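S.K.: Sequence:
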Amino acid sequence: MLKKNLFYAATYRPVITVSVLALLTAAIVAYQVVSIVDGTRRATALEAAISYSRAISSIRNYYSSVVVPRARAAGTKVTHEYHDLDGAIPLPATLTIELGESVSRTSSGGDFRLLSSYPFPWRTEGGAQDNFESAALTAVEGGQAEDFVQVVDHDGQAELRYAQAVRMKASCVACHNSYPESPRIDWKVGDVRGIQSVRVPLPDFLGTSGGASNTSSILEQFAAIIAVLLAALALIGSLLYGMKILVTRQNRLIKIAQKRNRKLAAAKVEAESANRMKSDFLTNMSHELRTPLNAVIGFSDAIRNNIAGPIGDPQYTEYAQHINESGNQLLTIIEGILDLTKIESGELQLPDEQIDIAATVIQCLAMLEDEATRKTVRVQFDPHSDLPSLRANQRAIRQVLHNLVDNAIKFTPAGGNVTISAQLAADGALQITVLDTGLGMSSEEIEIAKKPFAQVDGGLNRKFEGTGMGLHICNKFVELHGGHLTIESAPGAGTSVTIILPSERLRTDVDAAA
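Straight run, no breaks: the sequence shown in this note's numbering ends on number 1357.
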């Protein structure tokens, strides 16, 4: 009869059946949720207690192993009566207890205690004060566990109690065994000195107490959770619909992005190909131009020096001089372009050799002597006599020095000074500085000067000649040697350019002897 009635209810009263199933499902879900929340709250409280206890332990260990030994070595007294003694500091245990009391006063519920089976005589509350602390001391001292956890009822309030073993460290043993009034003087490393106990309050419905009030609270929690579940289902449905829209839009954006990425990739390939073609063109052009230029320079030099006999009109000698200078200037530009293209393509090879840096500077100054004399600029070189030889590429270093000194002379007005100095820095690096009393540059102009083919004075009617490659090539050559180049300048205050090469490129007397 009962089976028949159930079958009838399920067949002809589907609303009742669905309602009963829904209530049962909601009750089961609510019970599971409460259990999960209960476990989560317990785990969270335990984690908080463990973190609190470990933090206090870390502070005490650092204080006892670092602060106390240094204080005692300096003659500072370490005592529990430090409040009454000027210049004294507390014992590690005293610090721990007072720190725990201070934190307990400022925290929302819960407290911290340090206790032991062997408290000092002045610790009136240094032993176990309740059943939990007695059980924790017994378990930890008996070697049953390193920590001890219980959820207990305290005045109608559920609390999580956590105790952690406090073991003797090497820095603690000597102190405890020799300290006056110590309750025990046979401590060894690893002995359990006591425990530190943390008390964390828990919500009422998670506690161990029972009764009608607790049952009513749980039922209220069930009802609240069911309501929350229904609201959550509605919210989840809304979120799922919104996510569907977002996913659709995201897929559309991904397709657009993929299409753009393909275009960017194709543009990148095209740009790289164009850059290679540019480098190849500049390289080939430079090689092609150097051959006729060498002929122009050679023949103009022969005419200037009357190698085949005297020239009728002396003015032709002057013309040959101009042709020779212009050819050399153009050749320098072409070689600069060639070096720059090789640097950018990574094809430039700079074999190392031993360089006398002072001799290299003197050679550069000799090449620029006529230019300095023509502009009436005084050039000085102040080398240190004990400079070691430099392991670097001779041509690259000579070109860097030539470009920097040439720029300094070019931008220094008549009657000005250019000073070159070379010395070792405190870290052993080689510093070569070219200092002039010229026009100077602002910080913005310095950034422009560092860029390739850029000039501070870039107009067609500019006062100073040049391609804007010199400083950029200097910087690249220095970087290829593992160094760097710095510029300090201000308008009207001259310019200081410093080359810094690492110490491992210098050859000391010991290296030379070896």
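Just so you know, the hints here were simulated from the structure itself, not pulled from any lab data.
Warning: the hint list may mix true and false statements.
[Unchecked claim] Straight-line alpha carbon distances no greater than 25 Å define the calculated SDA-like cross-link-like pairs of lysine to any residue that follow: (1) Lys1253 with Ser1232; (2) Lys1012 with Pro933; (3) Lys1098 with Leu1078; (4) Lys920 with Asn1020; (5) Lys1293 with Leu1208; (6) Lys1012 with Arg1105; (7) Lys1185 with Lys1098; (8) Lys1012 with Asp1034; (9) Lys920 with Gly930; (10) Lys1012 with Glu1113; (11) Lys1294 with Gln1242; (12) Lys1293 with Tyr1162; (13) Lys1185 with Asn1020; (14) Lys1012 with Ala1145; (15) Lys1012 with Arg897; (16) Lys1294 with Gly1325; (17) Lys1218 with Leu1191.
Small disclaimer: the values here were computed from a predicted structure and weren't measured.
S.K.: Sort out whether Glu1113 lies within 25 Å of Lys1012, counting only the CA atoms.
M.R.: With Cα atoms ~69 Å apart, Lys1012 and Glu1113 exceed 25 Å; violated.
S.K.: Holds or violated: Lys1185 and Lys1098, Cα atoms, limit 25 Å.
M.R.: The hint is violated at about 40 Å.
S.K.: Would you mind confirming whether the straight-line C-alpha gap from Lys1218 to Leu1191 stays at or under 25 Å?
M.R.: Violated: Lys1218 and Leu1191 sit about 35 Å apart, past 25 Å.
S.K.: With a cut-off of 25 Å on the C-alpha distance, tell me whether Lys1185 and Asn1020 pass.
M.R.: Judged against 25 Å, a Cα distance of about 76 Å means the pair is violated.
S.K.: Given the hinted pair Lys1012 and Pro933, is their alpha-carbon gap at most 25 Å?
M.R.: holds (18 Å)
S.K.: Do the alpha carbons of Lys1294 and Gly1325 lie within 25 Å of each other, as the hint requires?
M.R.: holds (20 Å)
S.K.: When you check the alpha-carbon spacing of Lys1293 and Leu1208, does it fall within 25 Å?
M.R.: Roughly 23 Å between the alpha carbons, so the hint for Lys1293 and Leu1208 holds.
S.K.: Would the hint linking Lys1012 and Arg1105 be met if the CA-CA limit is 25 Å?
M.R.: Violated, at about 64 Å.
S.K.: Holds or violated: are the alpha carbons of Lys1012 and Asp1034 at most 25 Å from each other?
M.R.: holds (8 Å)
S.K.: Would the pair Lys1012 and Ala1145 pass a check requiring their Cα atoms to be no farther apart than 25 Å?
M.R.: violated (91 Å)
S.K.: When you check the alpha-carbon spacing of Lys1294 and Gln1242, does it fall within 25 Å?
M.R.: holds (18 Å)
S.K.: With a cut-off of 25 Å on the C-alpha distance, tell me whether Lys1098 and Leu1078 pass.
M.R.: violated (30 Å)
In the structure shown, a violation is registered for the earlier hints numbered 1, 3, 6, 7, 10, 12, 13, 14 and 17, in ascending order.
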